[in-house]
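Student: Sequence:
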Amino acid sequence: MAKIKAPSIYSLIDELGSSELKPIYFLFGEDHFTINAAIKAIEQKVSKFITSDFDKETIDINKKDTPTNLIDLAYTFPFGSEKKLLVVKNFENYTNKKQLDSYVSDPSDSTILVIANYGSISNLASDPYKLLDQKKYLFEARELKGAELENWVKKRSSQLEVNISQENIKTLIEIVGEDKSLLEMQFQKIKSFLSDKKEITTEELKSLSSATKEYSIFDLMNSLGKGEKKNSLKVIYNLLDTGKDMVYIVVMLTKYFTVISQSLELASRNLNDFDAAKAIGGGLSPYFYKNCKNAKYFRSEKKLAKAFQSLYNVDLALKTTAADGKTLATILLTDILVD
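The sequence shown maps to residues 4 to 342 in our numbering.
Bear in mind the hints are in silico, worked out from the structure with no lab data behind them. Among these hints, one or two may not hold up.
The list that follows gives simulated cross-link-like pairs (lysine-lysine, DSBU-like), each with its CA atoms no further than 30 Å apart [claimed, not checked]:
id : residue 1 : residue 2
1  : Lys232    : Lys247
2  : Lys158    : Lys148
3  : Lys148    : Lys133
4  : Lys200    : Lys157
5  : Lys233    : Lys247
6  : Lys6      : Lys293
7  : Lys92     : Lys43
8  : Lys306    : Lys281
I would like the entire structure built from these sequences, with the hints used as guidance.
Tutor: Following this line, the structure appears as structure tokens:
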């Protein structure tokens with residue numbers, strides 16, 4: 004069976020102005036910013052068919068909800084408008100997703116159903132995704148990296164009439180990171196800063212953007228895997244400053260080092276990343292496994308043992324002392340990345 008590859012959400016956004024409305028738009032992927040941008044674009048296109056606010060509804064799904072309630076609502080006629088717009092967010096919270104198949108097979112002519120699944124989908128050949136793909140209702144918003152992200156920045160800055168050189172596009176991404184919502188904030192700051200100027204300089208860009216970057220736990224893992232003590236401290240302090248706590252960091256790093264240890268044990272079996280992740284189990288992502296496997300600094304049992312001991316010590320300190328997060332973070336990384 005051929006693997007399903009959903010069309011890019013960018014093709015949907017680009018063609019939306021000239022194409023006919025579909026009865027269903029199923030948007031999924033890790034790029035939440037672009038999913039929300041697509042929802043706004045669809046809302047704008049549908050707006051000319053809606054004359055009553057009662058015919059616009061947004062629903063946030065929780066784990067207790069069922070698709071049957073959604074289907075009943077989708078089949079309800081508009082109050083007075085030509086169309087009804089129903090936006091469903093967090094579809095990933097449904098436990099019995101395949102129930103949507105019945106509606107996908109026979110959607111209402113008067114409802115535009117927009118569904119957002121904030122996250123990747125492991126098996127697009129399963130229900131209801133297979134049918135959604137067959138009906139051409141399925142669109143993926145994957146996170147852009149490298150040249151693709153640079154092209155997006157260039158296109159977006161052009162739309163906002165913000166002039167920025169290719170060199171400064173790279174600089175902006177390096178400083179701010181790859182989160183499009185943060186990049187969008189920077190565009191607005193740059194636009195206001197430029198005023199009548201034509202183009203921003205590198206120094207001006209650095210000054211505007213230096214305090215914006217927010218890191219993720221995966222940035223910390225990547226930095227640790229390279230043995231970068233100075234950058235790891237910078238990242239872990241940033242995590243603490245932006246709302247993460249040491250309990251969360253310890254839990255995530257324990258998982259990280261556990262998978263690294265398991266990857267050492269699996270090395271002799273010559274498995275690909277997908278099969279290795281499957282062998283470990285627990286729904287482990289092959290991409291996470293690959294990052295752990297590539298953590299060169301910890302490809303030794305001695306360093307891993309030191310890392311586990313350091314995590315144990317900090318976990319104990321969290322439970323028995325009043326030490327602040329940054330103090331414990333410093334102790335943790337100093338012990339783990341011992342010279």
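Student: Take the hints in turn and mark each one as holding or not.
Tutor: The hints, checked one at a time:
Taking the CA atoms of lysine 232 and lysine 247, the gap is about 19 Å. The hint holds against a cut of 30 Å. Among the hinted pairs, lysine 158 with lysine 148 is consistent with the structure: their alpha-carbon atoms are about 15 Å apart, no more than 30 Å. Between lysine 148 and lysine 133 the CA atoms are separated by roughly 27 Å; this keeps the pair inside 30 Å, and the hint holds. Between lysine 200 and lysine 157 the CA atoms are separated by roughly 18 Å; this keeps the pair inside 30 Å, and the hint holds.
The hinted pair formed by lysine 233 and lysine 247 meets the criterion: a straight-line CA distance of about 19 Å does not exceed 30 Å. With a C-alpha separation of about 21 Å, the suggested pairing of lysine 6 with lysine 293 holds against the 30 Å cut-off. A threshold of 30 Å between alpha carbons decides the hint, and for lysine 92 with lysine 43 the separation of about 13 Å falls inside it, so the pair holds. A distance of roughly 25 Å separates the Cα atoms of lysine 306 and lysine 281; the hinted pair therefore holds under the 30 Å criterion.
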